[in-house]
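Enquirer: Okay, here's what each chain looks like letter by letter:
Number of protein chains: 2
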Amino acid sequence: MTRRIVVAGAQMGPVQRADGRGATLDRLVALLEAAARGGAKLVVFPELAFTTFFPRWPLGRQDAELLDSFEPAMPNPRVQALFDRARELGVGFYVGYAELTPEGRRFNSAVTVGPDGQVLFKYRKVHLPGSDHVKPGQRYQQLEKMHFEYGDLGFPVARGPEAWGRPVLGMLVCNDRRWPEAWRCLGLQGVELVLLGYNSAAYDPNGGEGESAETRTFHSTLAAQANAYMNATYAVAVAKAGVEDGAGLIGGSCIVDPNGRVMAQAATLGDEVILAELDFEACRQGKEKMFNFAAHRRPEMYRRIVEQVGAVAPE
Amino acid sequence: MTRRIVVAGAQMGPVQRADGRGATLDRLVALLEAAARGGAKLVVFPELAFTTFFPRWPLGRQDAELLDSFEPAMPNPRVQALFDRARELGVGFYVGYAELTPEGRRFNSAVTVGPDGQVLFKYRKVHLPGSDHVKPGQRYQQLEKMHFEYGDLGFPVARGPEAWGRPVLGMLVCNDRRWPEAWRCLGLQGVELVLLGYNSAAYDPNGGEGESAETRTFHSTLAAQANAYMNATYAVAVAKAGVEDGAGLIGGSCIVDPNGRVMAQAATLGDEVILAELDFEACRQGKEKMFNFAAHRRPEMYRRIVEQVGAVAPE
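These protein sequences, in sequence, are chains A and B. Going by numbering that gives the first Met the number 0, 109 is the number at position 110 of the first sequence; the sequence numbering is gapless. Going by numbering that gives the first Met the number 0, 49 is the number at position 50 of the second sequence; the sequence numbering is gapless.
Next comes chain A alone, as it looks inside the complex (with noise of 0.2 Å):
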C-alpha cells in the first residue's frame, strides 16, 4: 500500500449574502473538478462553506434567513450535487456547514467524506469565538456563541481509506486552528493529516484598531505550520477569504508538512485550488524521534491544563 496522496485546498472567495445556495455550490463543484483534474484525491473546503459567514449578522434564532444557512442532514438535497460529484471523480472531501441537529441543536460542524461519497466522521468545532450576544451600534457582530453550541464530540480522528494509504484524519474549525490543545488531542491519537477549514476577519469591520491583514495571514499560517510541526502531522488550512458584504476575510490558505515547511499556499482572495503530495511515512520521523510522546510528555505535570480555564498571573 503506497502512503502517498495529492491533496487540494479549495479556497473560497467571499459568499455574498445575497448569493443564492445554487450559484455557490457550482463553485464548491468547479473546485472539485479542478482539485481533481490537478490529481487530488481528497479537498478541503473552508468553514461555513455553503454560505456567507452569516454569524456576522445579527440574525434571531428563527429567522428564515439563519434557519436556511443549516444543514438540517449531511448530505442533503441541497448539496447532493457535491457528493455526488465527488462521487463520481472518486474523490473526497472535507467540508464546514452549519449544522441542525434532529433535535434542534446547532453547531459549528464539519464531515470528511470518502471517495464513495459516505461520511467518514463528523467534528463540532470547539473553540467558538465571538459573543454569545448581540453587541448593540456595530454593524458587524461575530456570533458563533450565540448561534452555536460547543462542539461534544471531542477531537475524533478516523482512517482514511486504502486508497489515501489508510491516513489518520483529523478535523478542526477555523479559530480551533490557534488552540495548541486541540492539535494535541489529535496528536495522541497519531494523527497524520488535520483537514481544516476557516473564515477569518482580516480586519475589524467596524473600523476599530487591530493586527493587519498581513499580520492576521501570517498568524493563521504560523498556527498551522507550528502546530502540524509539534505533533509531527500534515496539515490542510482553507479559508474563505475575500470581502463579503463589507467584511474582508483573509486568504493565505495552505498545505504544510510534519517539519512545519509550506508546502503550497494559495495567492489570492478568491476561489483557488492548491495542490500537494503528501506521504505519510514522513510523519514517522517526528513521531518516533523528538515528538515520541511516551518516550518524553509529562503529563502530571501539565495538570493546569484541563484544571483551570483562564488566566491567573501572580500579583
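Since the list gives no way to pick out one identical chain from another, each pair is judged satisfied if it fits inside one copy or across any two copies.
In silico DSSO-like pairs for lysine-lysine, Cα to Cα no more than 30 Å straight-line:
hint : residue 1 : residue 2
1    : 286       : 144
2    : 121       : 144
3    : 134       : 286
4    : 288       : 134
5    : 134       : 144
6    : 288       : 144
Keep in mind the hints are simulated off the structure, nothing from the lab.
Add chain B to chain A, keeping to what the hints say.
Expert: Below, chain B alone, put in the same frame as chain A:
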C-alpha cells in the same frame, strides 16, 4: 511605571570539553558587559552555560569530570564573578546550569537573577530528551535522561522587578520549547516573557541521517514564534552554538514578540549578543482578545492531554 525594557540574548559559541571553567565564565561576563552596553536590563544565557554539553559523553555517575560540571549551589564561588558583575551593572540574567542538590539529586536547571543579584526563581527542565542509558558503539551520546531527574517544580512564574515593568516571567530549558503544554502552563499564569536557553544538535554527530541544520534551526525558531503567539508573550530563546568537540549545535538565538514575529536573531554560531526593546503592554491585545483563555478555552475537551502519555492511533 513604564513597562518597557531592553533584553538581550547572549548566544555562546562552543565550549570545548577541555576549556577551563574560568575561561568560560570570562566569556559569560564579556557577553553580559556587551549586552549592558547595548542597554539591556536582562540577559539570557544558554542551557548548561558554564560547561560543554556534557550529556553527550558516557560519564559515570561519580566521574570527576561529570561532578565538576554540576553546581552544588547557585551562586557558588566558581560562578560568583558573573553574579557580582551583573549586580554592579544593575543587570539581571537567566542562566542554565547543572544542579546538584544537597541531597545529591541532579537536575537540568535554570535561574533568573534580578538586578540586585538575588535569585528571583528557579526552574528544573521537565522535558528531558535523549536516553537513560549509554548506547553502545556510539561515540556521541545524549544522556540527559541518565544524568538528570525530570524537573519537579512544575512551570513556575515570577514577577520581575519594578525596573523591568514587573512582567510575569517564565522559564523553559531547551527541549521544553517544543512542547506546547509547557508554554500553556506558563500562559495560564499570565506569562509575558519566556526565557529559555538551549543546546540543540545541528546534525547527528554519529553520522546517521537526520534533518539539516537549517531545518533544525527553522524548527527551533518556529516553536518559539508560535508558542509565543499562542500565549501572547514575548520570548527570548538562546543557543549554545557551533561545534563542541566534533558535535555541532545550531544557533538561531532569537527574540520573539507576542505576534510571533522575530524581533532579533543571531547571525553567527559564536558568542553574539542580540537585543530588542520589549513593551509588555503589547501582550494585552492577545491576552484580552484572541487568547482570552477564560472566554474561549474548553478544558473538559482536553482531558486526553493529562490522561494519556503516548500516542494511540486507531486500528
